[in-house]
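Heads up: the sequence lines are chains G and F, in that order.
Each position in the first sequence, counted from 1, maps to that position plus 3 in my numbering.
Each position in the second sequence, counted from 1, maps to that position plus 2 in my numbering.
Hints may be right or wrong, so weigh each one.
[To be verified] Beyond 10 Å from chain G on every Cβ pair, some chain F residues (computed):
1. 47
2. 58
3. 63
4. 86
5. 105
6. 168
7. 169
8. 170
9. 174
10. 184
11. 185
[Said to hold, decoys possible] Not everything, but these chain G residues come out facing chain F in the computed CB check (under 7 Å):
12. 62
13. 81
14. 97
15. 99
Worth flagging that the hints you see were computed from the coordinates, not collected in a lab.
Just so it is clear, CB atoms sit at the ideal spot from N, CA and C, and this is done for glycine as well.
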Amino acid sequence: MDVRTMSSDEPSAGDTLSGSSIIREIKASGIEFVVSVPDITTSEGLLSPLVRGQSPRVIRVCKEDEGVGICAGLSHCGKRALLLIQQTGMLDSINAIRGVAVEYELPICMMVGLLQKEPGVRPRQSKRYGVRIVEPILDAMDIAYHEIEAEADVAKIRPAIDDAYASSRPVVLLIGRKPS
Amino acid sequence: MMKNDACLKALARHVTDRDIVIPVYTAAFDWLSIRPHPLNYLAHGAMGLASSHALGLALGRPDRRVIVLDGDGSLLMNLGSLVSIAEAAPRNLIHFVCENGTYEANGGHPIPNRGRVDFTGFARAAGYRDVHMFSELKMFEQQVGAVLAQDGPVFVDLKVTPSGPQNRDYALLHGPAVRAATKAALMVR
């Protein structure tokens with residue numbers, strides 16, 4: 004599988020990203036559970052309104068690799084889940100993602116806030132080492148990913164999640180700026 | 003102390019065909035010979051994650067009892083899961099740890115601070131609804147049925163010794179056929 008999409012257009016620092024639009028797509032994707040460790044990028048615009056809402060149910064975990072296991076268990080029961088984390092937590096969970104998501108071919112869907120990514124700069128071009136290594140690592144693991152940097156990118160969320168479940172493969176949605 | 007397989011045989015007498023069981027490594031190899039069943043969920047993908055898979059299963063199938071047979075070394079790799087499970091508070095989750103004090107499948111090396119770690123203390127402090135510890139087989143046989151009937155999350159520390167030589171077929175634990183059979187069994191309502 005080779006599914007990698009960049010931001011819809013060349014991103015600019017003036018683009019915006021709406022948390023409510025992302026949540027609308029999460030719900031439209033049939034996600035029943037959001038499993039999360041708080042992330043600076045998505046905390047205010049995504050996690051807080053999700054916690055205030057009735058559905059999907061938010062499951063708080065202590066460490067991101069727990070979330071990989073929880074999402075796997077849910078997927079075996081036919082339940083859709085989204086793991087909402089920061090790239091630092093994703094990097095910390097590489098072995099769980101390797102074993103559970105990739106080698107077992109399970110639809111582990113991750114929405115990953117990119118801590119310290121500069122708005123309008125592609126992750127690979129970031130001056131931050133912890134940001135620019137993310138996509139090459141996902142390439143090495145053969146994991147599909149999509150950049151969600153501007154409002155036009157939100158339309159990628161539902162097809163990406165649907166594809167993950169249809170193909171039973173993991174997917175990563177990289178959130179490149181703080182949603183409003 | 004109890005022999006691991008004797009302990010699991012006592013447990014198996016109370017496990018129904020609707021229960022989902024998540025056995026880990028050494029416990030898994032004993033359990034598979036005691037209760038072969040498609041609802042044995044064997045593929046955890048990374049050491050320590052069994053309790054997290056169990057939480058997902060418990061949330062995804064609240065109509066089924068979910069029984070984890072964790073290892074002590076495995077649980078030490080994922081202690082935070084005790085807190086996450088306690089917060090999610092699934093009533094259908096029973097979490098056993100087979101405490102043998104060693105990484106038995108990895109050469110028998112001792113777990114850190116063996117003999118002084120209080121696993122029930124961890125679970126109680128994390129917020130499990132109830133905790134138990136058993137080191138005598140007769141006592142476990144008498145009480146296991148009542149323990150399984152409790153609302154979860156319940157934690158049970160089993161003080162065990164190895165059962166003896168095992169045929170550790172890891173391909174069986176991680177193979178795609180086993181995963182497919184488990185998934186199909188889980189989709190049955």
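Is the interface hint for residue 81/G satisfied, with its Cβ closer than 7 Å to some Cβ of chain F? holds, 6 Å
Any CB of chain F closer than 7 Å to the CB of residue 62/G? Interface hint status for residue 62/G: holds (6 Å vs cutoff 7 Å).
Does residue 170/F sit more than 10 Å from chain G, CB to CB? holds, 17 Å
Assertion that residue 58/F lies farther than 10 Å from chain G (Cβ): Per Cβ check, residue 58/F is inside 10 Å of chain G; nearest 2 Å; violated.
Consistency of the no-contact label for residue 169/F, given chain G and a CB cut of 10 Å: holds, 22 Å
Interface hint for residue 97/G, Cβ within 7 Å of any Cβ on chain F: violated, 10 Å
Would residue 185/F pass as off the interface with chain G, using Cβ distances and a cut of 10 Å? Violated, because the least Cβ-Cβ distance between residue 185/F and chain G comes to about 5 Å, which does not exceed 10 Å.
According to the definition I'm using, a residue is off the interface if its beta carbon is farther than 10 Å from all beta carbons of the partner; does residue 105/F meet that for chain G? holds, 17 Å
Are all C-beta atoms of chain G more than 10 Å from that of residue 63/F? violated, 5 Å
Are all beta-carbon distances from residue 168/F to chain G longer than 10 Å? Given that every Cβ of chain G is farther than 10 Å from that of residue 168/F, nearest at about 22 Å, it holds.
Non-interface claim for residue 184/F: all C-beta distances to chain G beyond 10 Å? Not fine: 7 Å to the nearest Cβ puts residue 184/F too close to chain G.
Per-residue hint verdict: residue 99/G, partner chain F, C-beta under 7 Å: holds, 5 Å
Hints 1, 2, 3, 4, 10, 11, 14 from the list above are not met by this structure, while the remaining hints are.
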